Structure formats: structure tokens, C-alpha cells
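Asker: Chains G and E are the protein sequences, given in the same order. Residues in the first sequence are numbered from -2 upward in steps of one, following the working numbering. Residues in the second sequence are numbered from 186 upward in steps of one, following the working numbering.
Among the hints, erroneous ones may be present.
Claimed, not checked - If the Cβ cut is set under 8 Å, some of the chain G residues that face chain E in the computed set are:
#	residue
1	Q7
2	T72
3	V200
Stated by the list, open to error - Beta-carbon label-pair distances, calculated as ranges:
#	chain 1	residue 1	chain 2	residue 2	range
4	G	G82	E	E231	44 to 50 Å
5	E	N279	G	L222	28 to 34 Å
6	G	R230	E	D292	53 to 59 Å
7	E	S261	G	E60	37 to 43 Å
8	G	E141	E	E224	24 to 30 Å
9	E	S261	G	K85	45 to 51 Å
10	G	H223	E	E231	47 to 53 Å
11	G	D142	E	D272	38 to 44 Å
12	E	K262	G	T144	41 to 47 Å
The set of hints was computed from the structure by calculation and includes no laboratory data. Note that the structure is predicted; figures quoted are calculated from it, not measured. Virtual Cβ for every residue (Gly too), placed ideally from N, Cα, C.
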Amino acid sequence: MTAANRRPEQPRDADHWARYVETLRVTGLREGAGARNVEGRRPMSPLQGFGKMWQKTFKVRLEGAKASPAEVVRTWREGFPELSGMGKGFLVPSGGLVPGAVALLGGGLTGVMVLYADEESFTYMTPEGHPFSGWITFSSHVAEDGTTVAQAQLLIRANDPLWEAMMPLGLHKMEDMTWQRTLRRVAAHFGADGRVETKVVCVDPKRQWRHYKNVRHNVLIRSALHALTAPLRWLGRRPGG
Amino acid sequence: MAVRHLEVEVRREPKGAVLDLRGEINGFAQQALDAAYAEAEEGDPETILLNFEEVDYINSTGIALIVGLLARARASKRSLSAYGLSDHYVEIFNITRLSDFVSVFPDEKSALSEAKPA
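Extracted from the complex, chain G is given alone in its bound form (with noise of 0.2 Å):
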């Protein structure tokens, strides 16, 4: 919906929010892009995972650029894939990153959908199976002294055992890196300085048992036992099989 057609009693963010799915479908990519890891999962709000609940901030001030908020999150948006690092890894479908659209990651290991998007942020929501349950907010504003800030806040919790036992081995670290990295490339692209703040605090230290059985979408299991079975997928395909 344009904001031209738009009620006049709908809120100015109407047209910002994705439309309600119950699971999500991924259109709009190139035939074979392997999605059998995020067609029909359902969205994860931070909630819904199994692990202690993070908030994740990380900073940086574009010192010297003259880019506005808008134009900080317009680059972000447009030029996703490259400035993450994630690169071709990182499937975009045909109408971008509006609402409501599903992105793959890792090639198709796992994806998210944009949650949220106006002239200065964006976020993303991951389905089950992915790492984390939750969602990754990419903004900028400009800072009292004038600086325009670009920043990446996370609100997350590890969505299953497994990747709660797999935070303090590397994942915590891995997944920091992974947006201290983006931010680092965002200011290079305004041709600022790198230096990245990073905040992390925990808002719920509880685990939540109940969800212990988000396992079973798992996203490295499901791949596993998916090239597993290749071999049978493949007896069962041939003549007479």
C-alpha cells in the first residue's frame, strides 16, 4: 500500500511495518536459490528463543561525512550484501528489502524477513531454525554535536540449546564481529573513521526451558541430515527406483 491510497485514519507508520504471516514465503529470488531452510518457518520475535536475552548495540559516528540519516540508511539498505560482508551469500529478492520481504543468508542456510523499514532504519526478524530468535534494527541520527551515527542494535536470544551452548564458544564473538565489520565498512563508505562502539547487555538472564524444542528446526541439524539422506533422494529419483 502507497501512501497515496492510504486511509486517512491509519497511523503515519502503517506502511512501514510488514504485513502479518504466520510462516514465511520466500519470493522473488532466482529459481534454485535452496530455501527449504525458511519457506514455512515462522518468525521469531526475541521471546520466542531458548536462550539468556541480549541487547546488542553497536556505533560508529561518521565523523566528516556530510551523509544525513536517510541517505546513511538508504546505502545500508541498497548496498546490504557488501557492506555486511555476507556478499553473494546474502540473496536479495527482486522488490529489495521492503516489509514483509524474506531474504536468504548463508546462501539459503537460513534467512530473515524485514520486519520494519523507513528513511532511517530497517530491521530484520529470523525465522526459527536460525541462531538467534529476534531482531536486528539498523539505523542512524545525528548526534548532538551534528555527527551523523550509524548504528546496528540486536535484540536477541539464542533460539535453541544447541546455539545457546554454542554462544560462549564463538558465536557471541562471531556474531559481534559480523556488525562491528559492517559498521566499519559503512563509515569507509562515507569516508569517516571506523572506530566502533559496542554495548552488550544481558535484559533477561533466564533460559527458557519451554522452548527447548525449537532443536528440532535447527538449521546445521536439518542441513545435516539433509545431505545425509542425499543418497536416498537420489536412489528414489532414478528410473525404476
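Given chain G's structure and the hints, the job is docking chain E onto it.
Answerer: Chain E in isolation, oriented as in the chain G frame:
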């Protein structure tokens, strides 16, 4: 359009504390929300209600702030409920799955009478 920064008033009712929210719930709302929630907690109420009747804008950062309040409420075994949400914001609570964890009521009376501890 000018940004209407969030203003929050805390009311104490016999069955719980009510946070009357007015304006926009976005990244700028954090300080006001946190301060009001802390004030509401002072009386150790069983239930804290968020009144959305005069909220006219919520972005994804704002929803994340509400999740933060929910985490605080659950840590102290308090119930956090909401009322006065327009159809649009009920849908946002559904999209974000917040409605699975925050009870949503049409009005203050029903919220105070039906809210259960977290």
C-alpha cells in the same frame, strides 16, 4: 511532521499501576519509558498496564523497548498488560509476536480485572 516525543504519566490504581503513554514510541522514548516503569515498580504492584490510547507512532525500536519492559516485568514476576491499542497496533503486536507474551485488553477496566501475574 513534528516528532511528538513520548510523555508518560504513572497512575496508581487499587489493582495495579497504569502507564499513560502519549506520543511516539521510538528510540527517543527509552528514557521516559524506563523512568516511568521504575516509578511504577516502586509500589511493587502485581500488574503494570500500558495505556496506548494516545500513542500515534511506534517503530521497531519502540517495540524493542516494550520487550525490554516485558523482560523486567517477568524478572520480578509481575504481569505486564496493554490496553487501548488501535486495530493497527494490535496487528503490530501480532506481527512481532508480542501478543503471545503481553495480554491485550480493550480497556482499562477489563485489563485490571483480568490481568494475571506473569
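Asker: In this structure, is the beta-carbon distance linking G82/G and E231/E contained in 44 to 50 Å?
Answerer: Given range 44 to 50 Å: holds, Cβ gap about 48 Å.
Asker: Do the beta carbons of R230/G and D292/E sit within 53 to 59 Å of each other?
Answerer: holds (56 Å)
Asker: Kindly confirm whether 47 to 53 Å is satisfied by the beta carbon distance between H223/G and E231/E.
Answerer: holds (48 Å)
Asker: Using the beta carbons of S261/E and E60/G, state whether their distance is inside 37 to 43 Å or not.
Answerer: holds (41 Å)
Asker: At a threshold of 8 Å, is the proposed contact between T72/G and chain E supported by beta-carbon distances?
Answerer: For T72/G, the interface hint is violated, since the closest Cβ of chain E sits about 19 Å away, which is over 8 Å.
Asker: So the hint says 41 to 47 Å: do the beta-carbon atoms of K262/E and T144/G match that?
Answerer: The hint (41 to 47 Å, Cβ to Cβ) holds, given that K262/E and T144/G are roughly 43 Å apart.
Asker: Using the beta carbons of D142/G and D272/E, state whether their distance is inside 38 to 44 Å or not.
Answerer: holds (41 Å)
Asker: Using the nearest Cβ pair, does Q7/G come within less than 8 Å of chain E?
Answerer: holds (6 Å)
Asker: The hint says 28 to 34 Å between N279/E and L222/G; measuring C-beta to C-beta, is that right?
Answerer: Holds - the Cβ-Cβ distance for N279/E and L222/G, about 32 Å, lies within 28 to 34 Å.
Asker: Quick check: does the Cβ-Cβ distance between S261/E and K85/G fall within 45 to 51 Å?
Answerer: holds (47 Å)
Asker: Return the status of the interface hint for V200/G: holds when the least beta-carbon distance to chain E is below 8 Å, violated otherwise.
Answerer: Holds, about 5 Å.
Asker: Holds or violated: the 24 to 30 Å window for the beta-carbon distance between E141/G and E224/E?
Answerer: Holds: the Cβ-Cβ distance is about 26 Å, inside 24 to 30 Å.
Of the numbered hints stated above, the single one contradicted by the structure is hint 2.
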